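Colleague: All chains, full assembly: derive it from the sequences and hints.
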Amino acid sequence: MSKAARSGLLLGLAVLFAFGTWLAWAFVIDDAFITFRYSKHLAEGFGPVWNVGGDAVEGFTNFAWMLWHGLFASFGADLLTVAKVTSLVFGGVTLVLLVRATDGVGAVVAGTAFVLFLPTYFHLNSGLETVAFAAVLLRLVIVALHVIDEDRVFDWEPPLLLLLLAMLRPEGLLAGLPAFAVWFWYSRRIPTARWGLGALVVVGAGYFLWRWIYYGQLLPNTFYVKFGDVAAGSDWAGRTALALAPLLVLTLALLVVKGLWFKGLLLSLTVAATYAPYAMSGLTMDYLHRFAYHAFPVLCLGAGIAVAAIGHRLASAAVGAVAVGWVAVTGATAQGLPTIANYGVDLQRAHVAIGQGLAESGVPEEARTLAVSDAGAIPYYSDWRSIDYIGLNDEAIAHGADPTTVVSKARPTVVVVTSYRQELPDEMYGLDVPAATAGYQLVARIQMREDYWQNVFVLPQWAPQVSTAVTASTDAARLTYDPGRYELTIDRWLGRLSGR
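Going by my numbering, the sequence shown opens with residue -6, and the numbers climb by one from there.
Hints were generated in silico from the structure; no laboratory data involved. Be careful, since some hints might not be right.
Claimed, not checked - For each label pair, taking beta carbons as the anchor points, the in silico distance ranges come out as: (1) Arg478 with Leu417: 20 to 28 Å; (2) Gln434 with Asp468: 17 to 25 Å; (3) Leu60 with Val250: 35 to 43 Å.
Predicted, not measured: the structure shown is a model, and the values here were computed from it. By construction, the Cβ of each residue, glycine as well, lies at the ideal position given by its N, Cα and C atoms.
Modeller: Structure (structure tokens):
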């Protein structure tokens, strides 16, 4: 492929990439605000903690992402905008890497599969580290492929990339290990490579020791809540295999191609190492193949290399078209897309508005205590001392403590209960709702979307202040964000985009 052809391909794909980013710009996931809360407290000088003055708990899995946003929080920047722009940059880098790492029809397949996979743009706008992780993993794999081809690489790059992967998500250490091992085996006699490995071990061990001492646990608190549900993990593996089938098949096919089997082995092991922890976990918030996306660009690369190796122009074009068309269709028809396509505005008129209302209420500082299950935007915008009774940000609940006992003992000023129908549930996420809210007043029932409400309970002495503030905030949001529309449909999303 000539330089002009590659530039033209990149330009065309960049236009599609920009359009896709615009389509999903309103999206953000509630979990992003968990990380932002830690970043905010870090910037304020309290350290990366959930509750200021409380026991340190690691309720996030993206340490480097939290640090990055903590830097901008110290300048007063809007963290959601920072997250979106950062992911946009990483997404653009991923596109360039894919087009440059392959040639001819392979570059077309790798780049087009990436930009036509609709979940790409929701992950880019989610506020989480998903796209950044995928980009760093792809770069590490490409460096290892350069080493296999005996091309010169910077020996400081693989240790730095592996360290960044592990700090973006703990399982990044496992995901990046095959590529790192390939690089080090080929470079083991180079002094700078050995120094790089040594530096990685020292810095990585120092980080691990610090967080173990600071948080008192070997792994982030979220792992103790999610890990070990093999049945759910098996279901996840089946859905992932179906959604990405052609990319998986083409990547595995490299194992039997002469001259490419070692590259195929590297790519296959990378995907397997990335997906193994998820196949043994009860994943939550796995919207639009979120966790499978971590290795999606690597699979795009594998498919591109495999298609380029076919040799016959028509055959390679046909196989490439099937692969690209498949992931375009599975992405556009992904389970939960109607919910996610409308999630951002729904979050604004419920969770964000509730949090902002609590922040504006006249409740004194010492009484600003909250128990909540959706522990993202509400705790972040209110900045109230919060109990996460799912357990992601509560060490006791994560290790088996009864949520009802924890909440009842704390007796917070506000208890927010999620419900999936208009009637109040008897139990939600292990919380005995009647017992935990006994003696409270129900002051607001905020509808987020079809079949999803947030019910705000308040201790009687603070009920007037909270009721007034939360009602004012949520009423304003309800009139601003898709007024009167709560249905989970693609039409509602497209209607907003078209101005209807």
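Colleague: Take the hints in turn and mark each one as holding or not.
Modeller: Taking the hints in turn, this is what the structure says about them:
1. In this structure the hint that Arg478 and Leu417 lie 20 to 28 Å apart at CB holds, the actual value being about 24 Å.
2. Range check, Gln434 to Asp468: about 19 Å between beta-carbon atoms, so the 17 to 25 Å window is met.
3. At roughly 41 Å, the beta carbons of Leu60 and Val250 sit within the given window of 35 to 43 Å.
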